[in-house]
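Chains as they are written, first to last, in the working numbering: chain A, 1 to 451; chain B, 1 to 451.
A pair counts as met if it fits within one copy or between any two copies, since identical chains are not told apart.
Here are the simulated lysine-lysine pairs, DSSO-like style, with alpha carbons at most 27 Å apart: (1) K66 <-> K308; (2) K409 <-> K66; (3) K308 <-> K54; (4) K409 <-> K369.
If you are wondering where the hints come from, they were derived from the structure by calculation, not from laboratory data.
2 protein chains.
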Amino acid sequence: MNERRIQPGAVSKWILRCAQNDRTMGINPVDVSRQHFPSHFPNPMIRINEHYTKLKASYLFVDIAKRVAACQQADPGKSIIRLGIGDVTEPLPPACIAALHAATDEMARRETFRGYGPEQGYAFLREAIAWHDYSARGCFIEPDEIFISDGAKCDCGNIQEIFAIDLRVAIPDPVYPVYLDTNVMAGRTGHPRDGRYEGIVYLDSTPANGYVPAPPATPVDLIYLCFPNNPTGAVATRAQLAAWVDYAKRHRALILFDSAYETFIRDPQISHSIYEIEGARDVAIEIRSFSKTAGFTGTRCAYLVIPKTLTANDSAGNAHPLHGLWNRRHSTKFNGVSYPVQRAAAAVYTDDGRKQTRALADFYLGNAKLIRDAMAKLGFSCSGGDNAPYIWINIGRDSWQFFDLLLNKAGVVVTPGAGFGRCGEGHVRISAFNSRENVTTALDRIAAALK
Amino acid sequence: MNERRIQPGAVSKWILRCAQNDRTMGINPVDVSRQHFPSHFPNPMIRINEHYTKLKASYLFVDIAKRVAACQQADPGKSIIRLGIGDVTEPLPPACIAALHAATDEMARRETFRGYGPEQGYAFLREAIAWHDYSARGCFIEPDEIFISDGAKCDCGNIQEIFAIDLRVAIPDPVYPVYLDTNVMAGRTGHPRDGRYEGIVYLDSTPANGYVPAPPATPVDLIYLCFPNNPTGAVATRAQLAAWVDYAKRHRALILFDSAYETFIRDPQISHSIYEIEGARDVAIEIRSFSKTAGFTGTRCAYLVIPKTLTANDSAGNAHPLHGLWNRRHSTKFNGVSYPVQRAAAAVYTDDGRKQTRALADFYLGNAKLIRDAMAKLGFSCSGGDNAPYIWINIGRDSWQFFDLLLNKAGVVVTPGAGFGRCGEGHVRISAFNSRENVTTALDRIAAALK
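Construct all of the structure, not just a fragment, from the sequences and the given hints.
See the structure below:
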C-alpha cells in the first residue's frame with residue numbers, strides 16, 4: 001500500500017492544490033482524492049446536502065400567520081375568519097370512528113393484536129381501493145399495484161427518489177410547493193433566479209389556458225400534474241388528459257398524477273383517475289389521499305398506484321419495472337400505516353362510509369358554490385369551486401395587497417396567489433373548508449369591504 | 001439563441017460522439033449536452049436511479065419464510081415456533097388503549113376534531129419526551145429538538161438526505177439493513193464485492209471486541225451506532241460511548257445513535273441515551289421508537305432528536321445548523337403522525353403508562369433470560385438478553401445449517417447471523433418476543449434436538 005501517513009488536520013497544501021487542479025479540469029476532486037488518500041483527505045468532516053441552500057425560504061403561511069397576528073393584536077376584539085389553509089373542519093365520518101374504536105379494541109387483546117403489518121398496506125384496504133376506486137370506474141388496477149402510505153405529501157415527495165438525478169422535470173405554475181422543493185433538495189435544479197429554478201420546465205397555468213397547461217414543446221422526462229388542481233381548482237377534460245398521455249408515450253416520459261381532490265368531482269365528463277385514459281397504465285403513477293375524501297388530514301392515510309406495466313430505463317437502455325423499484329424503496333424506508341388508521345380508511349368503502357363521505361364532500365362543495373357565486377357577483381372571474389374545494393379568483397391586482405385589504409377591512413383570511421408561483425400573481429385562493437355560518441359571514445363582509 | 005432544430009428521435013450520431021468524448025474527458029456528458037441542447041437531446045426519457053441496481057436482493061426473511069413453508073408443507077401437523085423476527089406479541093398497554101379511544105372520540109366531534117397537526121409533532125408529546133426521557137436522566141434536550149415520526153425505520157432511512165453524497169460512512173457489521181441500503185440508494189457506495197459495498201467503512205462486531213466496535217483508524221464523517229444492538233444484543237459502556245463522542249469531535253464526524261431498544265436496559269451503569277455522554281450534543285443525532293417500548297410496531301410512532309448545537313459544513317467551510325435542515329426536510333416531505341397515535345404515545349409517560357410499559361419490557365426480558373440461560377447451558381457463548389430482547393449466539397458453525405437443524409429437528413425458527421453481514425456468520429439471533437409458553441417449549445425442543 002503506497003499510502004502516505006499524514007495526520008488528519010495537518011494535511012498540506014499540495015493536496016488542496018491538486019484537488020483544485022482536478023476541479024479546473026472538470027474532474028470531481030473529492031472522488032479522485034478520496035479514492036487515492038482515503039485516510040488523509042484534508043478536513044474530513046460531516047457536510048450538508050448543499051442543494052438545500054437553493055431552497056427559497058417557505059414564508060407563505062408564516063407570512064400570512066404574522067399578518068393575521070398583527071391584525072388581531074391591533075384589534076383584539078376583531079372576528080377573523082380563516083378561508084386560507086386547505087384543512088378540513090368537519091369531524092371524521094361515523095363509519096371511520098366506529099372502525100377506529102373497533103381496531104383499538106383489537107389492539108388491546110393478545111389474540112387480535114397486530115404488530116408489523118405489510119409495508120405496502122393490508123390486503124383488506126388495497127382490495128377495497130382497487131374495487132371501489134378503480135374497477136368501479138372501468139380502470140384495471142390490481143390491489144398489489146396500490147401502496148398504502150401515511151400521506152400524499154410523503155408520496156409526492158418520496159417518489160422522485162427512484163428516478164435519475166439528471167431528468168428534465170416539468171412542474172405547473174402555480175403549484176403545490178412539495179413537487180418543486182423535493183426536486184430542489186434532490187439536486188435536479190439550479191439556483192432560483194427571478195423566482196424560478198434553473199433546469200425546471202414550468203407549465204404556466206393562466207386565464208388564457210383556463211389554468212390547464214398543454215404539453216410543452218420541449219421534451220421532458222417527468223411531469224407533475226394535479227387535477228382537480230390545488231390551488232386553481234381547475235379540472236382537465238378527458239381530451240386534455242389524453243393529450244398528456246399521448247405526449248408521455250411519444251417522449252417516453254412519466255406522469256405523476258396527483259388526484260388528492262378527486263372526491264369533489266361532480267361533472268360526470270371529468271375523469272377521477274388518470275387510468276380512465278387509454279394507455280395511462282404505461283406512463284402514469286397516481287397519488288390519492290383520504291385527507292380530503294374523509295377528513296383524514298390529522299388521521300393520515302393515502303395511497304400511490306404504480307402499474308406493473310410501467311418501466312424506466314437505465315443509462316444502458318435496459319428497462320426496469322418501476323413497481324419493483326418503488327417496492328424496494330417503500331419497504332426499506334417505511335414500515336406501514338398504523339393498523340387502526342387502515343381500518344378507518346377501509347370503512348370509507350362500506351355503504352355507510354360512502355354515503356357519509358359523499359355528504360361530507362357535498363357539504364364543502366355547498367360552501368364552494370356560495371363562495372364562487374358571491375365572488376362572481378362582485379365581478380371577479382373565478383376558476384374551481386364546482387369540482388374542487390378551492391376557488392381561484394382572478395383579482396387583476398397585487399395578491400398581497402388584496403390579501404391585506406380583505407384581512408383588515410373584512411376580517412377574512414385568504415391565500416395570496418403569488419405564494420404558489422409566478423403565475424399565481426393577480427389571484428387569490430379561497431378555501432371552502434369551514435362551517436356554513438363562517439362562509440356566509442365571510443362573504444357578506446367581503447362584499448361590504450369591496451363596495 | 002444558437003439552438004439547432006433537430007427533431008427528437010432523429011438525433012444524429014455526432015451528438016452521441018461528442019457526448020462520448022465528454023465522458024472520456026471526465027466531463028459529465030449529460031450536463032453539458034443537455035445544457036446546450038435542452039430540446040433535442042437524443043432519447044430524452046424517464047430513467048431510473050441506477051444506485052438501486054447495486055442493492056443486493058434482500059432475501060433474508062424471504063428465504064426464511066420459504067424454508068419454513070417447505071418444512072410445514074412436508075409435515076402439515078408440525079408445530080413451528082417463531083423466534084426469528086423482532087416483532088412484539090403482547091397487546092398495547094391499557095393506558096395507550098384508553099388514550100386511543102379518547103382521541104377517537106375527539107375526532108368524532110367538530111369542537112374537538114383535529115386536522116393537520118404540526119409536522120414536528122404535538123407539544124404535549126414532545127414535552128413529555130423531553131421531560132421523562134431526557135431531563136429525568138440529566139440530559140438537556142428541549143422539546144423543539146425532538147421530531148415525532150411514524151417510525152425509527154423511516155428516520156434511519158431519511159436522515160441521510162440532509163448530508164452530502166460524498167461522505168465517508170461507517171456502518172457496523174452485523175447490522176440492521178436499513179443503514180446500509182439507504183446509503184446505497186443515495187449513491188454513497190460502489191457496487192457490492194464479496195458481500196460488502198465499496199466505499200463503506202465496516203465496523204466489525206466480533207467475539208473479540210464483545211460486539212462493540214471501537215472507532216476506526218480511518219477518519220469517517222458519518223457513523224451509525226445502535227445500542228442495545230440489533231442483532232447482537234450488546235450494550236456499550238459509558239467509556240466506549242465516550243470514545244466514540246471523542247472520536248467524532250476530533251474528526252468533526254457525526255454519530256447517528258439508534259437507541260430503539262433502550263427500554264430493555266436494566267444495568268444502571270449503561271447509558272440510555274447518547275446525550276448522557278459529555279459533549280454528545282455537539283456530535284450526535286438520536287433515534288428512538290415506541291415500537292418496542294410500548295408495543296407500537298403496528299401502531300407507528302417514533303422520534304428523532306437533533307440538538308440545535310449540531311452543525312455540518314458546506315464545501316466553502318460555512319457551518320449550517322442541522323436542526324434547520326432537518327426541519328425543512330421533515331416539514332416538506334412529512335405531514336405529522338396520526339393524532340390518536342400521538343395521544344397513545346403520550347400515555348406511555350403517565351404513571352399507569354410507565355408501570356405498564358416497564359412490565360411489558362420485564363416480561364420480554366424474562367423470556368430473554370430463559371433463552372440465554374438455556375443456550376449457555378448447552379455450551380454456547382451468548383451476547384445480549386440481559387439489557388436487550390435479542391440473544392446473539394456464537395454457534396461456531398454455518399448459520400444457515402444451524403437454522404435448518406433447529407427448524408427441522410426442533411420446529412423452532414431463529415435468524416441466521418449471515419443475513420446481517422459478514423461478521424454475523426457463525427451466529428444466530430434468537431428473539432425474546434413471544435409468549436412464555438412458546439419460549440419454554442422452544443427451548444426444551446432445542447435442547448432435545450442438540451443432544
